[in-house]
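S.K.: Spelled out from the first residue to the last, the chains are:
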Amino acid sequence: MELKEKLLSSFLAFENQVDVDTYVHDIRSKAIKTFETKGFPNKKDEAWKYTSLNKILKEDYSVFSKEENALEYSDVKKYFIHDIDSYKIIFIDGKYSSHLSDTTHDGMDVCLMSAALTKPKYRLIIENYFNKAAKDDGLSALNTAFSQEGAYINIPKNKIAEKPIQIIHFSTGKESALMLQPRNLIVVGENSHVQIIERHQSLTSNPVLTNSVTEIFANKRAIVDYYKVQNDDQNASLIDNTYINQKQQSHVSVHTFSFGGKLTRNNLNFFQNGEHIDSTLKGITIIGDKQHVDHNTLVHHIEPNCESHQDYKGIFGDNSVGVFNGKVVVEKEAQKTNAFQANNNILVSDKASINTKPQLEIFADDVKCSHGCTIGQLDESAMFYLRSRGIPEKEAKALLMYAFANNVLESVKIPELKKRINKLIANKLAVNIGFDL
Amino acid sequence: MLKIKDLHASVDDKTILRGINLEVKAGEVHAIMGPNGSGKSTLASVIAGKEEYEVDKGHIILEGEDIGELEADERAHKGIFLSFQYPVEIPGVSVTNFMKTAINETRKARGLADMPANEMLKLIREKSELLEIDRKFLSRSLNEGFSGGEKKRNEIFQMAMLEPKLAILDETDSGLDIDALRIVANGVNKLKSKDNATIVITHYQRLLDYIVPDFVHVIHNGRIVKSGGKELAHELEEKGYDWIKEEVGA
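Chain order of the listed sequences is U and B.
All residue numbers for the first sequence refer to the working numbering, where the first residue is 1145 and numbers rise by one.
All residue numbers for the second sequence refer to the working numbering, where the first residue is 82 and numbers rise by one.
Simulated from the structure, these hints should not be mistaken for laboratory data.
Note that the coordinates shown come from a computational prediction; the quantities given were computed from them, not determined experimentally.
Mixed in with the good hints, there may be bad ones.
If you want a taste of the chain U side facing chain B, the calculated C-beta under 10 Å gives, among others [as the list claims (entries may be wrong)]:
hint, residue
1, D1523
2, F1528
3, G1534
4, P1536
5, E1539
Lysine-lysine pairs mimicking DSSO-like chemistry, simulated, CA-CA at most 27 Å apart [to be verified]:
hint, chain 1, residue 1, chain 2, residue 2
6, B, K189, U, K1563
7, B, K189, U, K1541
8, B, K131, U, K1538
9, B, K189, U, K1567
10, U, K1557, B, K159
11, B, K189, U, K1538
12, B, K203, U, K1563
13, U, K1563, B, K131
14, U, K1541, B, K159
15, B, K86, U, K1538
Just so it is clear, CB atoms sit at the ideal spot from N, CA and C, and this is done for glycine as well.
Okay, chain B solo, but in the shape it has when bound (with noise of 0.2 Å):
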């Protein structure tokens, strides 16, 4: 599905990809993770397209496609969905009015017309009974004032009701108490299907209780310096980060 070739990328002149490859089947997740300053959210915003970024060399491909020029608008059209680490406040534009457009110029995008309002309103309604988010909630002004907790709730509804093939939770857990983080867990996994992906980044391997990935990269400098199973999350959780270091000799 996603398809990363030796991608370079900076901001402001200061290269922080170094030279990424990864490669993501549909039905697969991926954890990437690794020490701060490492390039994992960098790489998250690169692949959904936000401007400030300089992709200096390399590709993405998203089913067999380069969208390594696209808007971030035409890429959300492709398919590719960012959960973003700091969800930006929009006071004066409810979540409600914020999805209906979402929804509506994807669609116009695919040459589809507007969704009709009663099954907008349903498919509202069940995603977010699946996210447990009370209804009044949907009429505020976009995550001005939520919790983090409702913040990062807010996004996988999001996540839902946008149905992305590639989908990247970008440090879903941080912020998150134990209930929250359960139930957006159980929202991404319930969402989770044989045609769709997902890479989730973290530093803490928290999240992978409730997210099981098949497989765990370890970013360090700008690039993906070791993979592996599940179980590779878990040995940095007991060893930290320092002895990838050594391995690579950074």
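The following block holds chain U by itself, in its conformation from the complex (with noise of 0.2 Å):
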């Protein structure tokens, strides 16, 4: 059976298995209804020209995981940024983990998603948010037909939650191939502040797709930080779906370190209701053997006097393909934005792609728009001194990609995971140079 046809006679006997309550029951009734009018996107669609999903949907998944699965924090601790203290919401093959956990309701909620599109004290903000910043092409809306668990956060106003909270998705491999649809909802209040680190990991071979929802409102002068760590198994693959609604004067930023997986989508939105907004995204790609990466980016400037700042940078090997797609609205009434752009790209294969298109769609007439990319490979000047310096070529090329990624990393605000990333980035260019950046 193709995996569009089990998906939707699934979907009864999902809706079975948990508490159908009338409000996310309808929700969840019209998105799979969506779903099967959409579909899985295909290479027709625009925005999927250069990422072909056929492949990974041939795979036989299991829809849910059949049994609860445990996992040992010795055996996945080198998976979490565990030198800091930090929230946890930990799920083994999509079911929540209390055992790695450590969650909240001490001023806030750090918990799951289950428990908040069912326990009635969470009624008002599920009505509020819930499915309000997803957009309803057939990805998101077979996430939102399926949602039921995930991390569910809720700062309230003037807030500072003072540990940063890790989400992680674990995959245990007990099931041959296993599809999982996490949905998260993020609600930040005004004045107040958080960090999220998310990750998907796969603990074995067997592939494992993931189709993710994240929704996130940043109100009124609210800050968010949020990591996503992409360095999953080879036969592990990722469509990330995030919405980031954000509020007069929130300053959102979302780093994307996409350094494993067999085919990862980073499909992220973000949109501008209020004056004075600034949005950050920041990606370091690093992949090689026949991975596939594709960061589509969108920035809505709606309001006068916001900025929005995207910078990612690329460094594909052996036959590995990347794609960028970033598109920037400027509304009409959008004067004053400041919005930058910049993709840059080193090829270290002959073999290797990039395919890196801007999308400028402005309306307004006084704003500030540069976007740039470029594909190059390295240096030869820059190689020759190195090495007359005495560092060899395997060094020096490490060095120079060091070099080319840094920039992107001085803005992560969490030293431990910076330090993380820096070593993540040296075990994939698989060399052992001794400095920091």
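Since each chain comes alone in its own frame, lean on the hints to assemble the complex.
M.R.: Written out as structure tokens, the structure is:
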């Protein structure tokens, strides 16, 4: 049976399994119909021209894990940023692991989507925010239809979350192939501040497909720093759909570190609903083999005096493929917008490729918008300079690649995470050079 | 220390060096002078092992070993240092991290362990004082936004850190004001010993007032056409290069 048919026929069983609540049930039922109509995207969709899901959709995925699986912390510790105190919301094969998690209800809610969707005390937030930012494309609708588990974070106003929150989805490989559809809702109140690290980690080489939807609402003057660590197993694929709704004077940054996985598609959407908003989108992609990473970004400038900064760096080896499609829309009312976009790439193999496309739709006349993309090789004269100082070819290349990616790391505000990303980059480049960034 | 025998080299099928012969002994300073386009900088790059240059004929022998086939980094490990005429800007790598990497890679190639951090710091402090370099400067990105003088001082700082056997200074005086020139020359002179040697490549005699050569060679059309003592440099300064061209009938 094709995956689409399988999902459609599983929907009733799924709804019977979870508590049927009328409000959410209506949203799910509408969403499954949308998915039935729209289905999975294909290459005829302009936004999917360079990324085909065909191969990964062919696997015979279980759409739910049959049983609850457990993991020992010591076995998966390395996937945590473990040297800092943090809240943790951990899932194993799509199911919540209370054993590995560290949640809170003390002055804020750092807990589970399944609780938020069913318990009356969360009803108001769900009615105000759930599925209010997500678009109704096939993949997002599919996730909405099966939305049940994920992270629910609600920071009330004037609250600084002292510890970062780690959201990690493990898959154990107990199923021969597994599809996961995590759903996260993050609401950050006026003047509040939160840092979140998200990771998807498959522990075996059994195929995993994750279709994730995250909705983030940053209210007035809120500050949200979100970090996505994508360094998954070679048979794990991720479609990440993130929707960010910003109110006036809020600052939201999303850093995406894409080093692993088979196919990764990041649909990152920012909507600026207010003045003096700042949106930051940064990414480092370092891939090889036949890996495929696609960044599809949208920044929608709706009101005046706002800024957006996009800076994506990519290093592509072997037969890997990169895609960057960055769309910036500046509405007529959004005067004095300052929108910056850069996508710089280095191809380290003749067989690697990158498709990069900036897309600007500007309807206002008093704006500053800049964009630029480059594709290049490592600079020969820089290589000779380094080598003439005794640095061998491989290390010199690595040093230049570090340098190339470096400025994206500068804005990472969690030092331990920065260190970890540094290490991941070193591993990815297969070098051990004695310096810190 | 260095013997160059009948060296012919080309870039993009264009022959630039047409039979260079040169011997440099330990403890000596040699100046190589010549008009623009004569092949001075090419000679420097070929000795340092720049890949774009093809050695068509001849030998470069360092302490009895032909290094003509070695990579640039392997030549550096053997003790060759080139101070660049135009040092490359490398954003994102600090001077300190660059030096740490260069020193430890060189030590690795020589079978030594990494230099301990405190020793490295001491060395950096000592050598940056020699070149009158502000410590803050060392955490800046390599050469990025440096003035001409800062770039050249940084080159000699690197030389001081790496302690090469043979240093080649390619137009180190260009772009230097008189104070920077004095600092750079002072650095080079302090690093001189009976065990190392220096080749100074320059168009003008100015630098040679500060770094006094034992020998001066004039290169023209890819060949050394005249050699002499330091007085040759003064003669060139007074009379220009034309008389040499006439003398060799070029």
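S.K.: Which numbered hints turn out to be false for this structure?
M.R.: 10, 13 and 15
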